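J.: Chains E and V, in that order, are what the protein sequence lines are. Position one of the first sequence corresponds to residue 1 (the numbering used here), numbered consecutively onward. Position one of the second sequence corresponds to residue 1001 (the numbering used here), numbered consecutively onward.
Derived from the structure by calculation, the hints contain no laboratory data. All figures in this text were calculated on a predicted structure; none of them were measured in a lab. From the three backbone atoms N, C-alpha and C, an ideal C-beta is built for every residue, glycine too.
Sample of chain V residues at the chain E side, in silico, Cβ under 10 Å:
| no. | residue |
| --- | --- |
| 1 | Ala1097 |
| 2 | Asp1158 |
| 3 | Gly1161 |
| 4 | Ser1162 |
| 5 | Val1188 |
| 6 | Val1194 |
| 7 | Phe1224 |
Within a straight-line C-alpha distance of at most 27 Å, the following computed DSS-like cross-link-like pairs (lysine-lysine) qualify:
| no. | chain 1 | residue 1 | chain 2 | residue 2 |
| --- | --- | --- | --- | --- |
| 8 | V | Lys1131 | E | Lys92 |
| 9 | V | Lys1131 | V | Lys1191 |
| 10 | V | Lys1160 | E | Lys92 |
| 11 | E | Lys64 | V | Lys1131 |
| 12 | E | Lys46 | V | Lys1093 |
| 13 | E | Lys100 | V | Lys1160 |
| 14 | V | Lys1160 | E | Lys46 |
| 15 | E | Lys92 | E | Lys64 |
Coverage of chain V stretches by chain E, computed from C-beta distances (three or more under 8 Å per stretch; other residues unrestricted):
| no. | stretch |
| --- | --- |
| 16 | 1084–1096 |
| 17 | 1119–1131 |
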Amino acid sequence: MRIKNLAIPVFLVLLSALISAPAWTKNYQINVNGMVCEFCAFGLAKKLRKLDFIDITQFEDGVKVDIENQLVYISFQEGQAVNQETIFEAIKSGGYDPIKMTPMDEVASPAEVTQ
Amino acid sequence: MKQLISLLIPCCAAILSAIASQAYAHQPVMDMAPRWNGGYGAQTRVTHANDTTTTWFEGVYTFKPALRMTLKVPYSGGKNGDAILAMPIKRYKNAGASTSNWGLTPSVRMPTGGGSDWDAGLSLSYSAESKDYYQLYDVFRLGDTTGIDINAGMSHADGKGSSWFTLWDITARDSDSGQYLLSGPVLVYFKRNVIIRGEYKFSVHDNDTQWDGNYLSIGVGMVF
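Could you build the full structure based on these sequences and the hints that come with them?
T.: Here it is, written out as structure tokens:
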């Protein structure tokens, strides 16, 4: 009986994690050197939003800038291949230097980013 | 675009080498932005000094982060003054939590105010910023005038797309007509792509027969 009582909530937690996981794994965190000014980073976000595989329903039109930690968060549309080269080119044309791109599920939780 | 740049650079260099060196050389329309390829912006400033109020209409276009073009047109007393065309060339260095750049800015002052003289100038600048501080140093030489401008202070970002800069300015000029030194606060506010800048400089030292008193400037600009 006790196992049954435990199993139901555990199952529900796992199920909710499975449902939310695919949406979260399409998001990426990018470390960007020198991105310390939001006025200057306006152009960087603008360049990224122009990419046709960005999911504009996520973050702030698909992109979120964190100048405190020099991070950019982007969201891909479902089923789109990750094209790091194109993204890095967009960041360079925005005047900054991208360092690395990491899937969000490896570095942060949704709550940490959307706060 | 490459053809345009390859045409403009030799043209600018030819003008600079051909005409007398008495001109504005320094001061970008906006130092921080637009630093992205194809970025552009416009800014209006109203300045008051020497009992004269001048409205400046200014524009900037960024070919690439290392190369911009700026145009400034003054309007005062019901007529246009001489427009200044400049080409800031910047070399950026992006470190982890800071960014800095060296700038070399050749410029040309055109006789759009009714005169016939063309003037040229050149400046060397360095600026650096982190999320907490900002500093700009600019040295220029034009004709008989040597000038130094310094802006340094703190920046305060709210993490939601807007920031305040509280800076202190030092402006020094030395020419045949004498020397003067101005100093005072500069407040800069920006939200997303809009920038507002106000500065008031007190006359600290004035031994210049063509300068008198303090300096006020208020401006608003947008970048795209």
